[in-house]
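Q: In order, the protein sequences belong to chains F and W. Following our numbering, the numbering of the first sequence begins with 287 at its first residue and continues without gaps. Following our numbering, the numbering of the second sequence begins with 1305 at its first residue and continues without gaps.
Rough simulated footprint, nothing fancy, chain F against chain W, three-plus residues with beta-carbon under 8 Å: (1) 1352-1362; (2) 1369-1375.
Dumping the calculated DMTMM-like pairs for lysine to aspartate or glutamate here, alpha-carbon to alpha-carbon at most 20 Å: (3) F:Lys370 / W:Glu1374; (4) F:Lys319 / W:Asp1411; (5) F:Lys370 / W:Glu1352; (6) F:Lys294 / W:Asp1330; (7) F:Lys319 / F:Glu355; (8) F:Lys336 / F:Glu348; (9) F:Lys294 / W:Glu1388; (10) F:Lys370 / W:Asp1351; (11) F:Lys336 / F:Glu306; (12) F:Lys294 / W:Asp1335; (13) F:Lys370 / W:Asp1376; (14) F:Lys370 / W:Glu1388; (15) F:Lys294 / F:Glu352; (16) F:Lys294 / F:Glu345; (17) F:Lys370 / W:Glu1381; (18) F:Lys294 / W:Glu1381; (19) F:Lys319 / W:Glu1414; (20) F:Lys336 / F:Glu355; (21) F:Lys294 / F:Glu348; (22) F:Lys336 / F:Glu352; (23) F:Lys336 / F:Glu313; (24) F:Lys370 / W:Glu1354; (25) F:Lys319 / W:Asp1413; (26) F:Lys319 / W:Glu1416; (27) W:Lys1424 / W:Glu1414; (28) W:Lys1424 / W:Asp1396.
If you're looking for bench data, these hints aren't it; they were derived computationally from the structure. Glycine included, C-beta positions come from ideal geometry on N, C-alpha and C.
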Amino acid sequence: MRKEERDKIMMHLGDEQRAEFRRVISEIRAARKATPGRRPAIRALVTSGKVNVPPLLREVVEALIERDETGPNVGELATDFSLKRLGSDERVRLSSFQGQQPVALVFGSYT
Amino acid sequence: MEAMYQRFHHQVAFFVVYVQEAHPTDGWQVDSNVQEGILYRQHQTFDEREAVAHACSLDLHLPLPILVEEIDNIIDEAYGAAPERLYVIGADGRVAYQGGAGPHFFDLDEWEQAIETCVKIGSHADTKAG
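Let the sequences and hints guide you as you build the complete structure.
A: Next up, the structure:
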């Protein structure tokens, strides 16, 4: 699911549903921190009933789970990319760092 | 985050990957952005994205180098990134840390621990090789 579609689901939540959503998120965070070692998958917490998700929030929580499950996992080869560096004509290729040094990535935007 | 960058930027390559706007004016707008005057529509072109990334860098005084995602958002989607996410890639090219989907599961402490672990592994390897 693309971000636009996820956002549309969130935008349609009313104030009460948003408050409930925040409660669900808090429960998931607490459950993950409470588990020693590798943190449990959100889907496992929801399907096992350790975190209760009201029916009205199932679609938005499923969208969140789907995004959380997307992306290269620990131990997997990182998806390579070549992106332009801001303020320069240089392009940076992720795989050029392999065998050289670790890379810390912060994906984000201003808003 | 800035402290980690200052501490480890000689041993770790840090990058912000600037992706699609989390809360554009033509999408899911939020009150805090309206109050602070951070008002940007969703980028229509790469040049527009680059311009907003530049404004962000200046306004927030970001010391980390910034890479700009292409307008097709393929890498953003591949990493399950937008609106925000943290990763650490080990020197072996494999994911050492995959952060939870942000902002709800954003955990800077975990990310920092993963960076420290990667640096320790690197130091240990250097010691063995030497």
